[in-house]
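Peer 1: Relying on the hints, combine the two individually framed chains into one complex.
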Amino acid sequence: DARVTQTPRHKVTEMGQEVTMRCQPILGHNTVFWYRQTMMQGLELLAYFRNRAPLDDSGMPKDRFSAEMPDATLATLKIQPSEPRDSAVYFCASGFPLGTAVRQFFGPGTRLTVL
Amino acid sequence: AQKITQTQPGMFVQEKEAVTLDCTYDTSDPSYGLFWYKQPSSGEMIFLIYQGSYDQQNATEGRYSLNFQKARKSANLVISASQLGDSAMYFCAMDGSNDMRFGAGTRLTVKP
Chain A
1 DARVTQTPRH KVTEMGQEVT MRCQPILGHN TVFWYRQTMM QGLELLAYFR
51 NRAPLDDSGM PKDRFSAEMP DATLATLKIQ PSEPRDSAVY FCASGFPLGT
101 AVRQFFGPGT RLTVL
Chain B
1 AQKITQTQPG MFVQEKEAVT LDCTYDTSDP SYGLFWYKQP SSGEMIFLIY
51 QGSYDQQNAT EGRYSLNFQK ARKSANLVIS ASQLGDSAMY FCAMDGSNDM
101 RFGAGTRLTV KP
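Order-wise, the sequence lines are chains A and B.
With the numbering used here, the residue at position 63 of the first sequence is 63, and numbering never jumps.
With the numbering used here, the residue at position 106 of the second sequence is 106, and numbering never jumps.
Hints may contain errors.
[To be verified] Distance ranges between label pairs, derived from CB positions:
{"hint": "1", "chain 1": "A", "residue 1": "PRO97", "chain 2": "B", "residue 2": "ALA1", "range": "46 to 54 Å"}
{"hint": "2", "chain 1": "A", "residue 1": "LYS62", "chain 2": "B", "residue 2": "ALA81", "range": "31 to 39 Å"}
{"hint": "3", "chain 1": "A", "residue 1": "PRO8", "chain 2": "B", "residue 2": "PRO9", "range": "25 to 33 Å"}
{"hint": "4", "chain 1": "A", "residue 1": "THR5", "chain 2": "B", "residue 2": "GLN57", "range": "34 to 42 Å"}
{"hint": "5", "chain 1": "A", "residue 1": "ARG22", "chain 2": "B", "residue 2": "GLU61", "range": "25 to 33 Å"}
{"hint": "6", "chain 1": "B", "residue 1": "PRO40", "chain 2": "A", "residue 2": "GLU18", "range": "16 to 24 Å"}
{"hint": "7", "chain 1": "B", "residue 1": "GLN57", "chain 2": "A", "residue 2": "PRO81", "range": "48 to 56 Å"}
[To be verified] Derived list of chain A stretches under chain B, where covered just means 3 residues or more per stretch with a C-beta under 8 Å from a C-beta of chain B:
{"hint": "8", "region": "14–23"}
{"hint": "9", "region": "45–56"}
[To be verified] Derived lysine-lysine pairs resembling BS3-like cross-links, with alpha carbons at most 30 Å apart:
{"hint": "10", "chain 1": "A", "residue 1": "LYS11", "chain 2": "A", "residue 2": "LYS78"}
{"hint": "11", "chain 1": "B", "residue 1": "LYS3", "chain 2": "A", "residue 2": "LYS62"}
{"hint": "12", "chain 1": "B", "residue 1": "LYS70", "chain 2": "B", "residue 2": "LYS16"}
{"hint": "13", "chain 1": "B", "residue 1": "LYS73", "chain 2": "B", "residue 2": "LYS3"}
{"hint": "14", "chain 1": "A", "residue 1": "LYS78", "chain 2": "B", "residue 2": "LYS3"}
{"hint": "15", "chain 1": "A", "residue 1": "LYS78", "chain 2": "A", "residue 2": "LYS62"}
Treat the hints as calculated values from the structure; they're not laboratory data.
None of the values given here were measured: they were computed from a predicted structure.
Note that the Cβ used here is the ideal one computed from N, Cα and C, for glycine as well.
Chain B on its own, in the form it takes in the complex (with noise of 0.2 Å):
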């Protein structure tokens, strides 16, 4: 079975730094999808960034970059000079064997 992890259930991040959320999966199939998603508190779920696992290069989506370590089944998401719009919560799935999934999430504060 498909397992997505995220340790962090909570990050703070000063504005304008750079923050790095922590995603873990585990997987038997050779073919998947890495996503990143983020839920403001209005609730509704935004895409943020797609890795294939046979993308040589990592993902990259404006401010937004995915760490992909294949051998370490682990994706983080990377977001570069944080804003205060940034806070919100942030899921992690893989799409594997017509089975999604998503971690459990973790919470980011901007602080000003």
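Same shape as in the complex, but just chain A (with noise of 0.2 Å):
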């Protein structure tokens, strides 16, 4: 049963840190997104992949986040330097064309917490 994996899975870290959160979609999908979710704003798409291309990214502070594809089966997004409200679950989801839209599988996410 093919899975997104996201690592790490928890991280605690110190203002200032720079953090990478990784992710591995799944075999044969063709888009990866990131995912940022909050109470406060809910689930807010940072930035999206298609064929390893970033196509949308404008969701992402530019100024200290990244999003980079380097190959088919990883994906990472960086912060630097971190800071408290950056603290949230990002989500990394890979998917596939279902009709004029994208099926995506989610990850576990990637519990961030700046102090």
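Peer 2: Following this line, the structure appears as structure tokens:
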């Protein structure tokens, strides 16, 4: 049963530190998404890749966040420097076309706490 | 810009009864997809059901059905024969023009 994997599952860090979150999409999926979930803002789309090319990262604070797909088996989301307001659960999802949309499969998430 | 609205922050339903979770959306795209996801307390996001904007029939997946009213821009989720395990957050989402939006969610509690 193929699944999206995310590491680490939990991360506690101090303000100003660099944080890197990793995602292994399901083999064969050509689309990868990064989301952030907080109580206040709900689920927000941060970035979106298709065939490893970034399609949309307008939801991401550009000054401190960066998202990349160095190869088809790895997507990364980096925050540098981290701030307490970045505390959230970060989800990665991979997917394939379904009609005009994308059927997404979510990873278990990375719970980030920035002190 | 696309927008998804879920007006029910919380809902209660008696076990074995049916419940409808509301979702309205706003988009100028002629082509889009509508999804419902379930998020139990464990935090994972579980896909429930999908409806394409051009689909003529309402989608069904087991006990889940989507009441799609395109003219009213609504995509309500109907859960039949509720079970205690259905207690969770439910999110409506829309995918159109490379823009994926989620609603604020509805917390469903199934009472025994």
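Peer 1: Taking the hints in turn, state whether each one holds.
Peer 2: Evaluation of the provided hints:
1. A:PRO97 to B:ALA1: 46 to 54 Å: For ALA1 of chain B against PRO97 of chain A, whose Cβ atoms are near 23 Å apart, the range 46 to 54 Å is violated.
2. A:LYS62 to B:ALA81: 31 to 39 Å: 48 Å, violated
3. A:PRO8 to B:PRO9: 25 to 33 Å: 31 Å, holds
4. A:THR5 to B:GLN57: 34 to 42 Å: 35 Å, holds
5. A:ARG22 to B:GLU61: 25 to 33 Å: Holds: the Cβ-Cβ distance is about 31 Å, inside 25 to 33 Å.
6. B:PRO40 to A:GLU18: 16 to 24 Å: 32 Å, violated
7. B:GLN57 to A:PRO81: 48 to 56 Å: Given range 48 to 56 Å: holds, Cβ gap about 51 Å.
8. 14–23: violated (count 0)
9. 45–56: Since 4 is at least three, the answer is holds.
10. A:LYS11 to A:LYS78: Roughly 13 Å separates the two Cα atoms, so the pair holds.
11. B:LYS3 to A:LYS62: The given pair, whose Cα atoms are some 23 Å apart, holds under the 30 Å limit.
12. B:LYS70 to B:LYS16: Distance ~29 Å between LYS70 of chain B and LYS16 of chain B Cα, so the pair holds.
13. B:LYS73 to B:LYS3: 11 Å, holds
14. A:LYS78 to B:LYS3: Given pair LYS78 of chain A, LYS3 of chain B holds - Cα atoms ~28 Å apart, limit 30 Å.
15. A:LYS78 to A:LYS62: 11 Å, holds
When each numbered hint is compared with the structure, violations occur for hints 1, 2, 6 and 8.
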